Amino acid sequence: MKYLRSNWLFMIVAYTILIIGAFAVIYPFFFMVNNSLKTGREIMHSPTALPTEVSFKGYTGVFDELNVLLLLKNSMILAVSITLLNTVLSALAAYAFAKIPFPGRNQIFGFMLMTMMIPGVLFLIPTYVLIYRIGWVGHYQALIIPSAISVFNIFLIRQFMVGIPDELVEAARIDGAGEITIFLRIILPLARPALATVAILTFMGSWNDFFGPLLYLNRPDKWTLQLGLLQFRGTVPGENSEQIWALTTLITVPIVLIYFFIQEQFVKAFANVSLSK
Amino acid sequence: MATNALARLPDRPAPIPLWKRIARHGWGYIFVSPWVLLYLVFGIYPLVLSFFLTFFNYSFVTPDERTFVGIGNWIRGLEDPLYWKAIYNIAINQSVFIILKNGLGLLIAALLFRIKYGGRIFRTIYFLPVITSTVVLMTIGDNLASPGGPIQKVLIDAHLLDGPLFWKADQTLPMIIIALINTWKWFGISMIILLAGMYSIDKRLYEVAAVDGANEWQMFWKITLPLLRPQLFFLLVVDIINGLQMFGEVFTIGFSVYGGVNNQALTPVLYLYAQAFDRSNVGYASTLGLMLAFLIAALTVFQFKFFPAEDE
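Top to bottom, those sequences are chains A and B. Take 1 as the starting number for the first sequence in our numbering and just add one per residue. Take 278 as the starting number for the second sequence in our numbering and just add one per residue.
Among the hints, a few may not be true.
As the list claims (entries may be wrong) - Ranges of calculated distance between the beta carbons of each label pair, as one might list FRET restraints:
(1) Phe579/B - Ala177/A: 45 to 51 Å
(2) Val137/A - Lys430/B: 52 to 58 Å
(3) Val538/B - Val137/A: 27 to 33 Å
(4) Ala49/A - Leu317/B: 56 to 62 Å
(5) Ile453/B - Leu50/A: 28 to 34 Å
(6) Asn519/B - Ile262/A: 22 to 28 Å
To be verified - If you want the footprint, here are the derived chain A segments under chain B, 3+ residues with CB under 8 Å:
(7) 24–30
(8) 50–62
(9) 65–73
(10) 89–99
(11) 137–144
(12) 242–253
What the hints assert, rightly or not - Not everything, but these chain B residues come out facing chain A in the computed CB check (under 8 Å):
(13) His302
(14) Arg400
(15) Gly426
(16) Ile478
(17) Leu482
(18) Leu567
Honestly, the hints are just simulated from the structure, not real lab data. From a predicted model like this one, the values you see are computed outputs, not experimental measurements. Where is the CB? At the ideal position from N, CA and C, for every residue including glycine.
Chain A extracted, bound-state conformation (with noise of 0.2 Å):
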């Protein structure tokens, strides 16, 4: 009985303390989406209260202020062809790390596991005088070829695929299966859950980048979401600062409804990367 009571009493504080701080989480993003209904002057001397009337003059206002619709076709085409190019030469490097045992394979992964410990400040400068020597800045190569080495999504993918069984590549080798079927029709099902870690993962790293855009996009029409929201935030005088809540709510909500439709994988994708070490 006396350990039954200390647990109540446990779960009451517990439940307390989780329950507030889910407030202090969802409270931010409230304000914003709650300030994206509002009029300028409103915000400005009621920031916190509710609107008094609901107004779409933050989101009208965003889209005739700034072509947002062009900036979230150049998100997504970054966001995406990063996410594919990233992915699909991952899996290939990372499936003849797992299954093929060519020489100078442990040589080559080793090294390359050495390097995954360099912090990302050694490359920016050099990489940013690489791309200006070879004439991408402006481009959207810049920011999507170098981005598709990353050697830690080819790690994740292989420390998965060295746990489908050698048996079953084997078996299909004596059937007579070519690499490339084995590739596409054994290992890539197979290793679907690495993969859409690593997508989900590079898919969000790059919808949510700002700095990779500020320093290689410099013409206004090649502006991504988050760049055009950094830009445009200075230039709004204070009576229209509902324009950049209601900015601010239109970046976060793609990211966020497909956060809700497969956050299972979500939270996996952030756990693999740590169980992987």
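Based on these hints, arrange chain B on the given structure of chain A.
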């Protein structure tokens, strides 16, 4: 006789010549080649270039007038008060951030681990900031924390604050407030990773402890926490590597590339960015990057040596 035969069984097969193995596993090279080619150009070459650039004065404006300065950039970096100011700032920022983020993640994970209902809903909510972009979160955070914003209003009404606080102009507050906003953004990661760790702990340990009369508190300190050491180690390593490179947050919350008039929010990578793209000191910026990378490497090695993931 039988034992003799067995002993001779594991005879080594004749080694297959290298060219034959290369030919047989040729597909391996085809599968890795697209990646390897790109990696040589965009991974290895920049790495070599970054070492090369540190010995030169190089500018984007006049790329042909490259001058050799030897270790001049390194001496300049070591003597640059702004760089050390940036290191000091990031040290404060990351101390606050790493402790709060992982502490909060641990607390929430421990609670989620023990409750029966609603765990999934809480987990979904707590993870939301992780998937939201830095620009969006910093826009929100900036408005919530601003003088006249809701947080300061609550604090003033509760008499915890005398009047509006213009924290961006303060010497230390910007780094601490950015750490708080970042804690809100990232604690979900710690929560997920630690929760996964807790689920991998053998349930019988808790049953035995309960029979022995241990309470929740003792179970947490004596069983859960020690067994989470690999996860905590992983989080700390990744946090230090990523955290010391933090700069986008400062930039997106509205500070200049020099971290404000008194450099109160300057971080090492932000300073490197300013040197490269505002002053066009590319060689010097490259050197600052290397200096930071060495510092990160030293801290990581230190961690592996003195706080390893497993006890020896």
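Hint check:
Distance hint for Phe579/B and Ala177/A: a CB-CB separation of about 50 Å, consistent with the stated range 45 to 51 Å. Checking the proposed 52 to 58 Å range against Val137/A and Lys430/B shows it is violated: the Cβ atoms sit about 45 Å from each other. Our hint of 27 to 33 Å for Val538/B and Val137/A holds, since their Cβ atoms are close to 30 Å apart. One distance hint, 56 to 62 Å for the beta-carbon pair Ala49/A and Leu317/B, holds here, with the actual separation near 58 Å.
One distance hint, 28 to 34 Å for the beta-carbon pair Ile453/B and Leu50/A, holds here, with the actual separation near 31 Å. Between Asn519/B and Ile262/A the C-beta distance comes to about 25 Å, which sits within the given range of 22 to 28 Å. For the region 24–30 of chain A, the assignment as covered by chain B holds, since 5 residues bring a beta-carbon within under 8 Å of that chain's beta-carbons and 3 suffice. Residues of the region 50–62 of chain A with a Cβ under 8 Å from some Cβ of chain B number 0, which does not satisfy the need for three, so the listed coverage is violated.
Only when three residues or more bring their CB closer than 8 Å to a CB of chain B does the claim for the region 65–73 of chain A stand; here the count is 0, and the claim is violated. Check result for the region 89–99 of chain A against chain B: holds, 7 residues qualifying (beta carbon to beta carbon below 8 Å, three or more required). For the region 137–144 of chain A, the stated coverage by chain B is not satisfied: 0 residues place a CB nearer than 8 Å to a CB of that chain, which falls below the threshold of 3. Here's how the region 242–253 of chain A fares: 4 of its residues keep a CB closer than 8 Å to some CB of chain B, so the rule of at least three is met and the hint holds.
Using the Cβ-Cβ criterion of 8 Å, the hint placing His302/B at the interface with chain A is satisfied: the shortest such distance is roughly 4 Å. Here the hint on Arg400/B is kept, as its CB sits about 7 Å from the closest CB of chain A, short of 8 Å. The criterion of a C-beta within 8 Å of any C-beta in chain A is met by Gly426/B, whose closest approach is roughly 7 Å, and the hint holds. Because the beta carbon of Ile478/B sits about 14 Å from the nearest beta carbon in chain A, more than 8 Å, this interface hint is broken.
Because the closest C-beta pair between Leu482/B and chain A is about 17 Å apart, greater than 8 Å, the hint is violated. Because the closest C-beta pair between Leu567/B and chain A is about 7 Å apart, less than 8 Å, the hint holds.
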